[in-house]
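**Student:** From just these sequences and the hints, can you work out the full model?
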Amino acid sequence: MIDTKWIGHRFPVMRWEVEKGRVRSFAKVIGETRPEYLDEEAAQAAGYPSLLMPPTMLFSGPLDHDDVERLLRTLDIDMKNILHGEQGFTYHLPVYAGDVLDFDVQITDITVKKGGALELVTRMTRITNQRGKLVAEARNVMAVVNR
Amino acid sequence: MAVADLSTVKPGDFLPELRLPPVDRTLLALFAGASGDHVPLHIDTDFARRAGMPDVFAHGMLGMAWIARLITQWAPQCALRSYSVRFRAITHLGNEPHLSGKVAEVFVLNGERRARVEVQMANQYGEIKIQGEAIVALV
Numbered sequence: 014m015i016d017t018k019w020i021g022h023r024f025p026v027m028r029w030e031v032e033k034g035r036v037r038s039f040a041k042v043i044g045e046t047r048p049e050y051l052d053e054e055a056a057q058a059a060g061y062p063s064l065l066m067p068p069t070m071l072f073s074g075p076l077d078h079d080d081v082e083r084l085l086r087t088l089d090i091d092m093k094n095i096l097h098g099e100q101g102f103t104y105h106l107p108v109y110a111g112d113v114l115d116f117d118v119q120i121t122d123i124t125v126k127k128g129g130a131l132e133l134v135t136r137m138t139r140i141t142n143q144r145g146k147l148v149a150e151a152r153n154v155m156a157v158v159n160r
Numbered sequence: 046m047a048v049a050d051l052s053t054v055k056p057g058d059f060l061p062e063l064r065l066p067p068v069d070r071t072l073l074a075l076f077a078g079a080s081g082d083h084v085p086l087h088i089d090t091d092f093a094r095r096a097g098m099p100d101v102f103a104h105g106m107l108g109m110a111w112i113a114r115l116i117t118q119w120a121p122q123c124a125l126r127s128y129s130v131r132f133r134a135i136t137h138l139g140n141e142p143h144l145s146g147k148v149a150e151v152f153v154l155n156g157e158r159r160a161r162v163e164v165q166m167a168n169q170y171g172e173i174k175i176q177g178e179a180i181v182a183l184v
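Those protein sequence lines, which keep their order, are chains R and G.
Terminal number for the first sequence in my numbering: 160, no gaps in between.
Terminal number for the second sequence in my numbering: 184, no gaps in between.
In short, the hints are calculated from the structure, not lab data.
All values derive from a computational prediction rather than experimental measurement.
Distance condition first, Cα-Cα at most 16 angstroms in a straight line; then the derived EDC-like pairs of lysine to aspartate or glutamate:
id : chain 1 : residue 1 : chain 2 : residue 2
1  : R       : Lys-126   : R       : Asp-16
2  : R       : Lys-93    : G       : Asp-91
3  : G       : Lys-55    : G       : Glu-157
4  : R       : Lys-93    : G       : Asp-100
**Tutor:** Laid out in structure tokens, this is it:
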């Protein structure tokens with residue numbers, strides 16, 4: 014069972030630069046065809062400073078900081094037992110290639126379901142840009158299946 | 046493809062569907078690299094089997110990114126106010142993603158006209174894998 018003392022725990026802020034090549038490769042892999050994600054000239058012609066970052070790519074910032082491994086280590090969870098339960102984003106400002114984002118992650122809930130067979134860990138993340146503006150908030154629910 | 050004329054959006058409208066090729070191992074490896082999601086359940090068959098799974102399976106965030114494509118080919122990304130999903134079932138190798146969405150409600154918040162869009166990803170057998178909703182400004 015996961016110790017509920019971790020509810021409220023905040024991790025050190027993670028800084029992540031939105032790299033242009035990474036945006037393009039992410040967009041390409043998901044089959045994106047709109048030019049504002051793939052072609053910088055087209056993005057600029059559309060009035061954007063650089064490539065527009067696809068909306069779910071915000072998820073990649075913490076991953077690059079080995080955020081999953083750290084969470085599992087902190088809560089003593091085996092990676093073989095995890096599944097992604099829910100994910101959500103609230104958007105406030107667009108993010109472009111070249112932006113530098115800070116991710117402030119907090120564990121906000123740990124609940125037990127099915128008599129302990131399933132545990133849910135909820136994290137909320139505030140994401141700000143290099144101008145200190147809130148660009149998005151993310152909510153993540155990880156399911157831990159205890160076999 | 047041009048985005049829709051959002052001024053005429055009404056409840057019951059459907060988003061143009063997206064049907065994608067079957068999920069294969071190459072795609073999962075490429076998505077692991079591009080997204081930074083290196084959880085081995087998605088890229089290492091030996092690890093997946095030790096975890097009791099028959100094989101590697103698709104990242105939840107790959108499906109969520111596909112549904113985002115469905116939304117942003119209908120409305121510009123700057124109109125997207127929020128987007129959330131629940132991962133209902135595992136997307137296996139060979140599954141053909143079928144993305145669809147429907148306007149459930151049109152409402153006004155803080156003077157802004159918005160649509161609540163119900164979205165989902167199913168496979169070729171009609172099994173629902175991901176369900177969620179997006180709030181899109183109709184401006």
